[in-house]
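Taking the hints into account, I'd like the entire structure generated from these sequences.
These protein sequence lines are chains A and B, in that order.
Under the numbering used here, residue 1010 is the last one in the first sequence; the count climbs by one each step, no gaps.
Under the numbering used here, residue 143 is the last one in the second sequence; the count climbs by one each step, no gaps.
Be careful, since some hints might not be right.
Unchecked claim - DEER-style ranges, computed between Cβ atoms:
1) A:957 to B:128: 19 to 25 Å
2) A:974 to B:89: 32 to 38 Å
3) B:90 to A:980: 37 to 43 Å
4) A:992 to B:34: 23 to 29 Å
Said to hold, decoys possible - With the C-beta cut set under 7 Å, the calculated list includes, among others, these residues of chain B facing chain A:
5) 62
6) 121
7) 129
8) 131
9) 132
10) 135
11) 136
12) 137
Source of the hints: derived by calculation from the structure; they are not laboratory data.
Virtual Cβ for every residue (Gly too), placed ideally from N, Cα, C.
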Amino acid sequence: AQSVTQLGSHVSVSEGALVLLRCNYSSSVPPYLFWYVQYPNQGLQLLLKYTSAATLVKGINGFEAEFKKSETSFHLTKPSAHMSDAAEYFCAVTQTGANNLFFGTGTRLTVIP
Amino acid sequence: DAMVIQNPRYQVTQFGKPVTLSCSQTLNHNVMYWYQQKSSQAPKLLFHYYDKDFNNEADTPDNFQSRRPNTSFCFLDIRSPGLGDAAMYLCATSRTGPYEQYFGPGTRLTVT
Chain A
898 AQSVTQLGSH VSVSEGALVL LRCNYSSSVP PYLFWYVQYP NQGLQLLLKY
948 TSAATLVKGI NGFEAEFKKS ETSFHLTKPS AHMSDAAEYF CAVTQTGANN
998 LFFGTGTRLT VIP
Chain B
32 DAMVIQNPRY QVTQFGKPVT LSCSQTLNHN VMYWYQQKSS QAPKLLFHYY
82 DKDFNNEADT PDNFQSRRPN TSFCFLDIRS PGLGDAAMYL CATSRTGPYE
132 QYFGPGTRLT VT
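Next up, the structure:
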């Protein structure tokens, strides 16, 4: 069975501060991991994905995530938060042979001016 | 640009009045998904099509049906909407396998 756990349903950071959104996964086989962002009243947009190549993955809008097998983690980071980063962020997992994504419960990021 | 399109973006229906939401894609992906998303929650998978093969989630109510007449289009039918069906409905597509899903902008359904 696969699942992801996102620690912290709400995260607040000051503009210009480091963004760190946590995601831990559970998977009995090598996982494929994704981070999505959702702005109000919009669909989900892919930020980045891990597909067993490089463990440090760079995505759009300055975000990156590092796959750490020993910690079963795939945390999302951005060095300097921007007001436009305020949104809901979802971590998701799947595996070879599967078509479905399993989503975490989401983390709402607030950026304080 | 290749994309996933959902119409309408906002839909208001009356309690018990059937409603159909539509989704189309220009990505030529063979897998299409329908999700229900309620406020401050993760998307909940209702069903998906792998080509013409329909896959229903075990906990999807019978009130929700879907049709996929061709590769590009997929419809979500809610036969008798209840107040609890008010939500954002998201359509997504992907290639076969552990690939990312591409989401449409969603249809926000209000039930009065």
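Structure-based check of each hint:
1. A:957 to B:128: 19 to 25 Å: 22 Å, holds
2. A:974 to B:89: 32 to 38 Å: 36 Å Cβ-Cβ, so the 32 to 38 Å window holds.
3. B:90 to A:980: 37 to 43 Å: 38 Å, holds
4. A:992 to B:34: 23 to 29 Å: 27 Å, holds
5. 62: 5 Å, holds
6. 121: 6 Å, holds
7. 129: Holds, about 4 Å.
8. 131: 5 Å, holds
9. 132: 6 Å, holds
10. 135: Status holds, d = 5 Å.
11. 136: For residue 136 (chain B), the interface hint holds, since the closest Cβ of chain A sits about 5 Å away, which is under 7 Å.
12. 137: 5 Å, holds
Violation of the numbered hints given earlier is absent; every hint is satisfied by the structure.
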